[in-house]
Amino acid sequence: MKQVFKRPKSLADVPFHFCPGCHHGTIHRLVAECIDRFGLQERTIGVASVGCSVFLYDYFAVDVLEAPHGRAAAAATGVKRARPDDFVFTYQGDGDLAAIGTAEIIHAANRGERITVVFVNNAVFGMTGGQMAPTTLLAQQTTTTPFGREETVNGYPIRMTEIMAQLTGTAYVARCAVDTPKNLMRAKKSLQKAFEVQVENRGFGFVEFLSACPTNWKMTPQQATTHVTEVMIPYYPLGVYKEEKKGS
Amino acid sequence: MSRSNALLVKGNEAIGMGAIEAGCQFYFGYPITPQNDIPEFMSRHLPEAGGSFLQAESEIASINMLMGAAATGARVMTSSSSPGISLKQEGISYLCGSQIPGVIVNMSRSGPGLGGISPSQGDYFQATRGGGHGDYRTIVLAPHSVQECYDLTMRAFDLADRYRNPVMVLGDALLGQMKEPLKPRKHRGRAVDKDWVLTGARGRKPRLLKSLYLSEGELTKHNWMLHRKYRSMRREVRFESVGVEDAKLVVVAFGSVARILKNSVSMAREQGMAVGLFRPITVYPFPQAALRKLAGRVERFMALELSTGQMVEDLELAVGPGTVDFYGRPPGSIPSPDELYREIRKVYRKRIR
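Protein chains in written order, with the working numbering: chain A, 17 to 264; chain B, 124 to 476.
What the hints contain is simulated information worked out from the structure, not anything from laboratory work. Each hint should be verified, as a subset may be incorrect.
[As the list claims (entries may be wrong)] Here are the simulated DSSO-like cross-link-like pairs (lysine-lysine), alpha carbons at most 27 Å apart as the crow flies:
1) A/LYS22 - B/LYS328
2) A/LYS25 - B/LYS328
3) B/LYS385 - B/LYS306
4) A/LYS262 - A/LYS234
5) B/LYS306 - A/LYS25
6) A/LYS261 - A/LYS205
7) B/LYS473 - B/LYS416
8) A/LYS198 - A/LYS25
9) A/LYS205 - A/LYS18
[Unchecked claim] For each label pair, taking beta carbons as the anchor points, the in silico distance ranges come out as:
10) B/SER338 - A/GLY128: 35 to 41 Å
11) A/LYS25 - B/TRP319: 48 to 54 Å
12) B/TRP319 - A/ARG53: 43 to 49 Å
13) A/LYS25 - B/PRO170: 24 to 30 Å
14) B/PRO235 - A/GLU178: 39 to 45 Å
15) B/ALA314 - A/GLU166: 57 to 63 Å
16) A/MET235 - B/VAL315: 50 to 56 Å
17) B/LYS302 - A/GLU260: 44 to 50 Å
18) A/GLU260 - B/ARG357: 29 to 35 Å
19) B/ASN346 - A/GLN238: 53 to 59 Å
20) A/LYS205 - B/ILE240: 51 to 57 Å
[As the list claims (entries may be wrong)] If you want the footprint, here are the derived chain A segments under chain B, 3+ residues with CB under 8 Å:
21) 51-65
22) 173-182
23) 222-233
We put the CB at the ideal spot given by N, CA and C, even for glycine.
Sequences and hints are given; from them, build the entire structure.
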């Protein structure tokens with residue numbers, strides 16, 4: 017019988033700690049599949065960030081450096097400069113990348129660092145218990161916006177993918193979601209492209225994943241995934257925002 | 124010493140030269156006065172030596188780039204000055220927690236806040252106590268000459284690798300900007316086998332460098348392990364003493380002020396006063412045992428600092444309370460050898476019979 021589904025080699029054989037309905041597990045799997053697809057397991061150095069995804073090193077069977085909150089892109093810059101032939105990726109949440117780490121991500125992208133960034137946007141600080149993130153939607157209730165996010169107080173949900181696409185140093189920039197099988201397949205393809213631009217030494221690769229956080233959104237897993245489809249995607253449109261053609 | 128092959132260079136340049144001689148492969152930094160000669164020197168000369176220089180978007184980014192490159196086993200340096208060093212403290216704490224080596228140079232200016240660009244020793248507490256969060260220490264080397272800027276920077280790389288810990292070189296605007304003859308010498312340190320570096324898991328198990336420990340008791344164990352390491356650093360204590368054998372009053376100072384004091388102490392000696400100089404070269408670990416030993420036969424100690432008094436606390440811990448006088452000069456002006464001589468004379472006349 018032909019085996020059609022198995023655990024990627026670079027994904028450790030341990031159960032995820034993530035909450036039921038969280039999309040991190042799916043996104044982890046997609047990243048591991050990409051590492052395997054390009055045969056990178058033995059030359060990958062992952063940079064973990066601070067947030068729910070800090071335990072990256074428990075799930076990926078690759079070398080991992082744990083960076084301080086927001087500093088993953090700077091740490092990855094150091095790793096990549098020292099190991100230009102290895103594959104370097106960061107995996108960062110919206111608090112890490114779009115709040116405290118905004119300077120680091122923009123400048124790493126602007127330098128065109130040959131790294132791949134996986135940005136997981138669930139519109140909330142997950143690990144600390146559901147506080148407002150820069151990506152929290154207007155009117156969304158969080159533990160620090162108990163009456164809903166108000167633009168006059170907190171400003172607007174930040175669209176990082178659009179910002180990254182403006183920077184000359186980026187080679188591939190896309191926003192994806194894993195809310196439906198169709199979107200998941202597209203996300204997989206986008207992630208491959210973001211890997212490819214590094215492997216082919218073409219530039220900085222960036223993929224934003226819209227992700228569900230049922231626990232902090234106070235929803236069931238099904239409701240949370242539907243929320244991604246119906247509320248997140250309209251504000252954060254999916255698609256490829258930048259794709260430098262080979263040799264361009 | 125023959126000066127025939129000596130170069131006339133600034134302290135900042137000597138630091139860059141020492142780093143390259145010690146095998147520094149990467150430098151990450153952000154401009155700030157009065158240490159800009161270091162990144163400028165490195166940007167020109169590090170690539171010639173096969174390394175790379177990168178100007179970062181901030182001091183925060185610099186220290187984290189250092190962390191990334193050092194995690195792969197490379198020898199890496201960053202430099203800054205006081206406010207910039209404050210920004211690096213988070214990263215230094217993580218380097219200690221994750222046991223990643225690196226060399227951090229602080230050519231200090233003055234504070235608090237934006238302060239000024241004149242020399243100061245007001246960063247002593249920050250440097251020796253670990254200015255970031257958590258229970259950690261870093262070795263701190265305090266040069267007092269251009270030659271020592273060179274020598275101690277080389278040594279800093281060796282100590283960082285030996286202890287898998289960041290090492291700080293603590294100078295100031297005076298040392299960084301003054302020109303003196305420097306006699307470059309070959310780096311003789313031995314390369315340390317690094318079996319912890321992240322180089323991709325080729326034919327081996329994946330490695331992890333982290334500072335997060337959440338399981339019951341895990342972090343307690345980690346901190347005790349680090350504590351034992353910091354204690355073992357005591358064997359790296361270094362100091363210079365001049366004329367302490369028959370001294371009744373020993374003046375204690377580090378870095379640039381010790382340099383000025385060498386003249387003041389000679390003046391006191393010429394006037395028949397039994398004055399010696401004790402200069403900690405490692406300010407962490409502090410030469411506590413050597414000073415305690417001196418305390419048995421010296422009548423009085425005097426600490427002199429370019430601050431309102433920080434190292435004096437370590438001196439008092441070493442020699443006991445009630446035996447230390449202090450002269451402080453907060454930043455904004457530099458004391459002359461004559462001025463410091465008069466301060467020594469004041470204390471000598473009052474305290475020594």
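Taking the hints in turn, this is what the structure says about them:
A hinted pair counts as satisfied when its Cα atoms are at most 27 Å apart, and A/LYS22 with B/LYS328 qualifies at roughly 21 Å. Of the pairs offered as hints, the one joining A/LYS25 and B/LYS328 holds, with about 13 Å between alpha carbons and a cut-off of 27 Å not exceeded. For the proposed pair B/LYS385 and B/LYS306, the alpha carbon gap of about 21 Å is at most 27 Å, so the pair holds. Note on A/LYS262 and A/LYS234: the hinted pairing is violated, with a Cα-Cα distance of about 44 Å set against a maximum of 27 Å.
Between B/LYS306 and A/LYS25 the alpha-carbon distance is near 55 Å, which puts this suggested pair outside the 27 Å criterion. Distance check on the hinted pair: A/LYS261 and A/LYS205 sit about 16 Å apart at the alpha-carbon level, within 27 Å; holds. With a CA separation close to 24 Å, the supplied pair B/LYS473 and B/LYS416 stays within the 27 Å bound. Under the criterion of a C-alpha separation no larger than 27 Å, the hint pairing A/LYS198 with A/LYS25 is consistent with the structure, at around 24 Å.
The straight-line distance between the Cα atoms of A/LYS205 and A/LYS18 is roughly 24 Å, inside the 27 Å bound, and the hint therefore holds. Restraint check, B/SER338 to A/GLY128: a C-beta distance of roughly 40 Å satisfies the suggested window 35 to 41 Å. Distance hint for A/LYS25 and B/TRP319: a CB-CB separation of about 24 Å, inconsistent with the stated range 48 to 54 Å. Here the CB-CB span from B/TRP319 to A/ARG53 is close to 29 Å, at odds with the stated 43 to 49 Å.
At roughly 38 Å, the beta carbons of A/LYS25 and B/PRO170 sit outside the given window of 24 to 30 Å. Checked against the given bound of 39 to 45 Å, the beta carbons of B/PRO235 and A/GLU178, roughly 40 Å apart, stay inside it. The hinted range of 57 to 63 Å is satisfied by B/ALA314 and A/GLU166, whose Cβ atoms lie roughly 58 Å apart. For the hinted restraint 50 to 56 Å between A/MET235 and B/VAL315, the CB-CB distance of approximately 52 Å keeps it satisfied.
Evaluation of the 44 to 50 Å hint for B/LYS302 and A/GLU260 yields a pass: the beta carbon distance comes to about 49 Å. Range check, A/GLU260 to B/ARG357: about 55 Å between beta-carbon atoms, so the 29 to 35 Å window is missed. A hinted range of 53 to 59 Å for the beta carbons of B/ASN346 and A/GLN238 is inconsistent with their spacing of about 44 Å. Restraint check, A/LYS205 to B/ILE240: a C-beta distance of roughly 54 Å satisfies the suggested window 51 to 57 Å.
Beta-carbon proximity to chain B at under 8 Å applies to 7 residues in the stretch 51-65 of chain A; the threshold of 3 is reached and the given coverage holds. For the stretch 173-182 of chain A, the assignment as covered by chain B is violated, since 0 residues bring a beta-carbon within under 8 Å of that chain's beta-carbons and 3 are needed. With 0 residues bearing a CB less than 8 Å from a CB of chain B, the stretch 222-233 of chain A misses the requirement of three and the coverage assertion fails.
Checked against the numbered hints given earlier, this structure breaks hints 4, 5, 11, 12, 13, 18, 19, 22, 23; the rest are met.
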